[in-house]
Amino acid sequence: MTLLPWKRRTGPGGPTPSSFEELALPLLPSLYNVARWLTADSAEAEDLVQETFLKSLRGFDGFESGTNFRAWIFRILRNTYLTSKSGLAARRTIALEDEWQKWDSPGAEQHPEAIIDRETPEVNLLRLADQAAVQAAMEKLSPLLLEALLLSDVEEMKYREIAAVLDVPIGTVMSRIARGRAALRDALALHPASKEFRA
Amino acid sequence: MSSHLSYSMLSALADGQLATEEMASANQHLASCPACTSQALSQFVLKSTTAKAGRRYAPSPEFQERIAKLASGRSGQDARNEQARLQPRANVVRWGALAALLLVCIAIGVLGKTWLRPDRFATKDSALVAEVFDQHIAVMAAGLSPQVISTDRHTVKPWFQGKLPFSFNLPADLPTGMTLDGANLAYLGGQPAAQLLYSIGKHRASVFVRQPPDAESVHSLEAERSGFHVDGFRAGHLEMIAVSDADSVRLRELVSALERAQ
Chain D
1 MTLLPWKRRT GPGGPTPSSF EELALPLLPS LYNVARWLTA DSAEAEDLVQ
51 ETFLKSLRGF DGFESGTNFR AWIFRILRNT YLTSKSGLAA RRTIALEDEW
101 QKWDSPGAEQ HPEAIIDRET PEVNLLRLAD QAAVQAAMEK LSPLLLEALL
151 LSDVEEMKYR EIAAVLDVPI GTVMSRIARG RAALRDALAL HPASKEFRA
Chain Y
1 MSSHLSYSML SALADGQLAT EEMASANQHL ASCPACTSQA LSQFVLKSTT
51 AKAGRRYAPS PEFQERIAKL ASGRSGQDAR NEQARLQPRA NVVRWGALAA
101 LLLVCIAIGV LGKTWLRPDR FATKDSALVA EVFDQHIAVM AAGLSPQVIS
151 TDRHTVKPWF QGKLPFSFNL PADLPTGMTL DGANLAYLGG QPAAQLLYSI
201 GKHRASVFVR QPPDAESVHS LEAERSGFHV DGFRAGHLEM IAVSDADSVR
251 LRELVSALER AQ
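First to last, the protein sequences are chains D and Y. Counting with my numbering, you get residues 1 to 199 for the letters of the first sequence. Counting with my numbering, you get residues 1 to 262 for the letters of the second sequence.
Honestly, the hints are just simulated from the structure, not real lab data. No residue lacks a Cβ here, since even glycine has one placed at the ideal position from N, Cα and C.
Below, in silico cross-link-like pairs of lysine-lysine (PhoX-like), each with a Cα-Cα straight-line distance of 20 Å or less:
1. D:Lys140 / Y:Lys52
2. D:Lys158 / Y:Lys52
3. D:Lys85 / D:Lys140
4. Y:Lys47 / D:Lys140
5. D:Lys158 / Y:Lys47
Selected chain Y positions facing chain D (in silico; Cβ < 10 Å):
6. Val45
7. Phe63
8. Ala127
9. Pro192
Output of the computed footprint for chain Y on chain D, the stretches with three or more beta carbons under 8 Å from beta carbons of chain Y:
10. 27-39
11. 47-61
12. 127-137
13. 145-152
14. 174-181
Produce the complete structure using the sequences and hints provided.
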């Protein structure tokens, strides 16, 4: 059996609560940011982060010092989110991984140029660099795609870390990130601000 | 490479996550394909914008202070006390469900018999019972299929390979009228656990399997709460906790079958 990177510590003299504080508190802004995006509600995000800290503090004895604490605590946040009110609603979202894989295969008829509208490259780049428009587009993303993008682009996690946090294969991580970006580009093309570029 | 780069490959290129061979192949293609080069540039720009746009929310100073206090030198018991004191608002939904169940119990006049019996369950384990209870209710309420759907123990058990830092056995034979429905990966006390889903007649049962955080105070895990029964045992490094609205005797039969298999 493959052991998780945060496998249970068996030896004595492990991390103390103060080291939990040292490890966890610097991650508070990141955890809150992700929680706030996922829940779309500041009070719920605070509850989610607080519960994450409580659970991780309680389970800290089982965390092996020197392994990936960030992935461990983000995984707890994610699992706590899944049992929250908004998380339960999000779990009803059906992931169309298979359809994406068919669409995304190198031999598929879809040409990369067909992914976005056929504006000039300069217009497309300006649109993609519009931070406010991207934020608005991110708000419309499904939680499945949003969490993958946040972990990848904002938290700068590697695919392997993201796979551990989300408990999915790396291929699924790649698929979700790519689908998330495709959805952002679609949304940007439809965003009212983008109309200005067309005028 | 004759065909265009796939969208996933372009995305992975922007993330710097291509393997060496893939990177060489992609670079070779990009050198001769303006369309894919343009797409690759778009991916880099979008990734950069998403990174900036995604850093949108910051915790309030009051919340930071509250969390810092929580994280500073507290023991696990303190954390549980803090949890009980702070009563996160997110629990309102779950407690709302519990309240509804409680009202039903009152209506059928069984409150006195079904509420938690403190003499049988240590205070320390109340939080565990609440968590097990909440997770079972949440899964039932969501009405989702198990992450692994199978009545075959040889399918369900291997599914946890690589997901749990421990292993366990499942009984070959279950008591009459009981079936294994599947399982989920769950978390109890911040640690990974297996949630085995069983049917007991028309009732559903969850059996959580975990490594207890400590080996102290081996005691009965029997309890009743709002018409639900909780039962369990510890065997070696494992703890199994079952929860169901089925009859406590039937739940005990299931727990005994699981205990014999360990």
